[in-house]
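Visitor: Build the full structure now, drawing on both the sequences and the hints.
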Amino acid sequence: MDATTRFFEEIDRRGYEPRLAKTTGSLRIDLQEGPRTMHWFLKIDHGRIEVSQQNQEADTVVGTSPQLFEEIASGREHGIAAILRGDMTVSGDARLLVQVERIFPGNPDARGPRRRFQQEVR
Amino acid sequence: MASNSTIRILDGNTFVVSEDTGDIEATPSEPTGLFSLDTRFLSRWVLTVNGERLNALSYDDLQYYEARFFLVPGMATHYIDAKLSIIRERTVGGSFREQIIILNHDEKPVDLEIRLDAGSDFADLFQVKDEIVNKKGELYSEAEPDRLRLGYRRGNFVRETSISSSAPARYDREGLAYTIHLEPNEQWETRIEVQTTAVGPGGRDLRIGVQAHGGERPALQHDLERWIAEAPKVNSQHEDLASTYRRSLVDLAALRFSPLSLGGATLPAAGLPWFMTMFGRDSILTCLQTLPFTPALSKTTLRILASLQGTRFDDFRDEDPGRILHEMRYGETAAFEEQPHSPYYGSVDATPLFLILLDEYERWTGDVALVKELEQESRAALRWIDDYADLVGNGYIWYERRNSDTGLENQCWKDSWDSISYSDGRLPPFPRATCEVQGYAYDAKTRAARLAREFWNDPAYADQLEREAEDLKQRFNRDFWVEDGEYFALALDPDGRQCDVLSSNIGHLLWSGIVDHARAEKIAQHLVGPRLFSGWGVRTLAVGEVRYNPIGYHNGTIWPFDNSFIAWGLRRYGFAEEASTIASGILDAATYFDGRLPEAFGGYERELTKFPVEYPTACSPQAWSTGTPLLLLRTMLGLEPHEGHLAVDPRLPVGMGRIEVLDIPGRWGRVDAFARGRMEMHKLVD
Numbered sequence: 001m002d003a004t005t006r007f008f009e010e011i012d013r014r015g016y017e018p019r020l021a022k023t024t025g026s027l028r029i030d031l032q033e034g035p036r037t038m039h040w041f042l043k044i045d046h047g048r049i050e051v052s053q054q055n056q057e058a059d060t061v062v063g064t065s066p067q068l069f070e071e072i073a074s075g076r077e078h079g080i081a082a083i084l085r086g087d088m089t090v091s092g093d094a095r096l097l098v099q100v101e102r103i104f105p106g107n108p109d110a111r112g113p114r115r116r117f118q119q120e121v122r
Numbered sequence: 001m002a003s004n005s006t007i008r009i010l011d012g013n014t015f016v017v018s019e020d021t022g023d024i025e026a027t028p029s030e031p032t033g034l035f036s037l038d039t040r041f042l043s044r045w046v047l048t049v050n051g052e053r054l055n056a057l058s059y060d061d062l063q064y065y066e067a068r069f070f071l072v073p074g075m076a077t078h079y080i081d082a083k084l085s086i087i088r089e090r091t092v093g094g095s096f097r098e099q100i101i102i103l104n105h106d107e108k109p110v111d112l113e114i115r116l117d118a119g120s121d122f123a124d125l126f127q128v129k130d131e132i133v134n135k136k137g138e139l140y141s142e143a144e145p146d147r148l149r150l151g152y153r154r155g156n157f158v159r160e161t162s163i164s165s166s167a168p169a170r171y172d173r174e175g176l177a178y179t180i181h182l183e184p185n186e187q188w189e190t191r192i193e194v195q196t197t198a199v200g201p202g203g204r205d206l207r208i209g210v211q212a213h214g215g216e217r218p219a220l221q222h223d224l225e226r227w228i229a230e231a232p233k234v235n236s237q238h239e240d241l242a243s244t245y246r247r248s249l250v251d252l253a254a255l256r257f258s259p260l261s262l263g264g265a266t267l268p269a270a271g272l273p274w275f276m277t278m279f280g281r282d283s284i285l286t287c288l289q290t291l292p293f294t295p296a297l298s299k300t301t302l303r304i305l306a307s308l309q310g311t312r313f314d315d316f317r318d319e320d321p322g323r324i325l326h327e328m329r330y331g332e333t334a335a336f337e338e339q340p341h342s343p344y345y346g347s348v349d350a351t352p353l354f355l356i357l358l359d360e361y362e363r364w365t366g367d368v369a370l371v372k373e374l375e376q377e378s379r380a381a382l383r384w385i386d387d388y389a390d391l392v393g394n395g396y397i398w399y400e401r402r403n404s405d406t407g408l409e410n411q412c413w414k415d416s417w418d419s420i421s422y423s424d425g426r427l428p429p430f431p432r433a434t435c436e437v438q439g440y441a442y443d444a445k446t447r448a449a450r451l452a453r454e455f456w457n458d459p460a461y462a463d464q465l466e467r468e469a470e471d472l473k474q475r476f477n478r479d480f481w482v483e484d485g486e487y488f489a490l491a492l493d494p495d496g497r498q499c500d501v502l503s504s505n506i507g508h509l510l511w512s513g514i515v516d517h518a519r520a521e522k523i524a525q526h527l528v529g530p531r532l533f534s535g536w537g538v539r540t541l542a543v544g545e546v547r548y549n550p551i552g553y554h555n556g557t558i559w560p561f562d563n564s565f566i567a568w569g570l571r572r573y574g575f576a577e578e579a580s581t582i583a584s585g586i587l588d589a590a591t592y593f594d595g596r597l598p599e600a601f602g603g604y605e606r607e608l609t610k611f612p613v614e615y616p617t618a619c620s621p622q623a624w625s626t627g628t629p630l631l632l633l634r635t636m637l638g639l640e641p642h643e644g645h646l647a648v649d650p651r652l653p654v655g656m657g658r659i660e661v662l663d664i665p666g667r668w669g670r671v672d673a674f675a676r677g678r679m680e681m682h683k684l685v686d
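These protein sequence lines are chains A and B, in that order.
Residue numbers for the first sequence follow the UniProt record's numbering, beginning at 1 and rising by one.
Residue numbers for the second sequence follow the UniProt record's numbering, beginning at 1 and rising by one.
Please keep in mind that the hints were generated in silico from the structure rather than gathered at the bench.
Hints are not guaranteed to be accurate.
[Unchecked claim] Each computed SDA-like pair below joins lysine to any residue, with the alpha-carbon atoms no more than 25 Å apart:
1. B:LYS136 with A:GLU71
2. B:LYS299 with A:GLY47
3. B:LYS372 with A:GLU71
4. A:LYS22 with B:GLU373
5. A:LYS22 with B:LEU370
6. B:LYS473 with B:GLU373
7. B:LYS299 with A:GLU101
8. A:LYS22 with B:ARG453
9. B:LYS136 with A:ARG76
Guide: Now the structure itself:
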């Protein structure tokens, strides 16, 4: 299974994301490749999340390529930098994307802070 | 760096820096130009009449967002007998607008060739700051029948400047031109509109919907008037104080900045020209300074910083879960990850300061809803302090960057490379634990305990936080105390050795309350003693230290904001006299800068220079320097929220006369505060 599908299925399985407890709205991610567009639709209600693949109208619509999103979903690319670069576009309520971006995973190779004389923090 | 003869107008993170003629001729390293979103959109903007450059008779920066230039043909070396006047009037707010008016004073008609050269290098502000402009993308310029488009493209990253004129113009790739005929006493005018766009592949601008106000001149004017009307009024016998206060209020209005993700609400950006963006530390400290006057800024700052709080480990951005950001940027280097500011989290103090601001904000405003709204983020911030900031595992906050290429070495407010040293001048290894941050951690836990007990319904957590704070205070007073000098060390190195220099940081410790009462008097004496106090203010590093230099950025200069927190700390421990000495010195210094305190000025003895020497590359206006007079007012008047009321306990410097602050907003509604200073003895005799 690809990282994108894993990412959304994991969200769907949990059904609740505490970091989005103050967030309500709908966000659609359009992954365009040639004539094909794959959709992921998130309905967020105070942290409760429903995931579907419907092409529904949403408060925020994010557009990018499946390849870039695959990298974002696996933590190897950064969502905000991709927006600044124009590699990912947002229309509608940008605030929602900034909130949802926080639940994208970190880089799997990140070391994180280390304690010098004791055990590692992670 | 922009010299004093440059004219700057700004609105949030869009600003124009030009010569006194209104012209812009930027070199790669010179921060003149039209900037927005951390990108230069115009680097050349030169007006000529019949091929001749113009000479400035005068200029006015009418408001922070507008300026007017009166010009005549010919350079300053010529004898000026002008038969023509040229007026350029410009406004920045969303876009950049310039009106050009030309008047013919001659008895004869004239034929004129008017030309405006326009060009842009689309430099990233970081490239200008570091004097490296090395563009990887492609610049283009397209003359269309009704406008000139200048652009820069690198992959999907596109930034464009579009220039159009109300009077018909001939556009070419390097500017626009007019041929006009003026009868005697006739005038001609045109309005030029410069739009800046950051377009994605969908053709949509990044910034749509982010403006604080309409961006049109009447909207800007109205917004400024409302801002001033809503703030308390300050009247004083000391004339300069009232005008310094007003200058500060207007500059704060100018520095308000609306981040992309906040839908129009504003928080203070850090400073012109380099730091017109969101900074964790600067925004929070500015809010703490200005809370009694403009509390709305604090609410937005807390919300935006909470919404961008770290959630994962990212070594490039020095991000950890719970960490409050250091700096956000929107330019090319951030976009292509050549710089880590998307956002960058390498600040060791923003996280505890966030908690301090939340508590202080509630004490003033009674906005319990925000304290409840931000409970989760506050708890994450407290976890960061204990889990991820304690890099040595001994209960202090430490810093060491994980991004060793472009991350910050020193992640405290004194963030230059050589700011932390031992008394022999050597620099310590990493990680480092600077003293003031331990004070912030103590204060953050003490204040968070109150929030937990009163608003989060968690008395057990409150008890725990108080125990931890008390324990930290005891260890701190043991480990950081420099026995022979009788002050607190600037920092500890990872082996627990003290960076045993005498520095201004000890003043912040008083503000935090971490200093044992028995030691406070000694600290107060140092702060107003000859090694630290210059007569204008407290130096960042004391005279006599190996690295002391009166114009060393963090090794001897005087920072107004630093002094305002030191004065607040002195009052907290009951040293009202010492606090007013510092307030008086800094407010006197402000009069030499027309009420606009710079980021820093030289640490020279007041007796020696007689006037404060501005640090050569200081930013101005700078948010926390702008906030300084406001915090000093609070400190002098002893304004303190107390059981739902505003307590006033004034201790004014000698000669300050009478001060009244009217309509101070807070949980009490609006109240007034009055104070009368002691008279100078010779004036009583007169």
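Visitor: Compare the structure with each hint and give your call.
Guide: Tested hints:
no.	hint	verdict
1	B:LYS136 with A:GLU71	holds (23 Å)
2	B:LYS299 with A:GLY47	holds (23 Å)
3	B:LYS372 with A:GLU71	violated (36 Å)
4	A:LYS22 with B:GLU373	holds (8 Å)
5	A:LYS22 with B:LEU370	holds (12 Å)
6	B:LYS473 with B:GLU373	violated (29 Å)
7	B:LYS299 with A:GLU101	holds (23 Å)
8	A:LYS22 with B:ARG453	holds (22 Å)
9	B:LYS136 with A:ARG76	holds (23 Å)
This entry does not satisfy hints 3, 6, going by the numbered hints stated previously.
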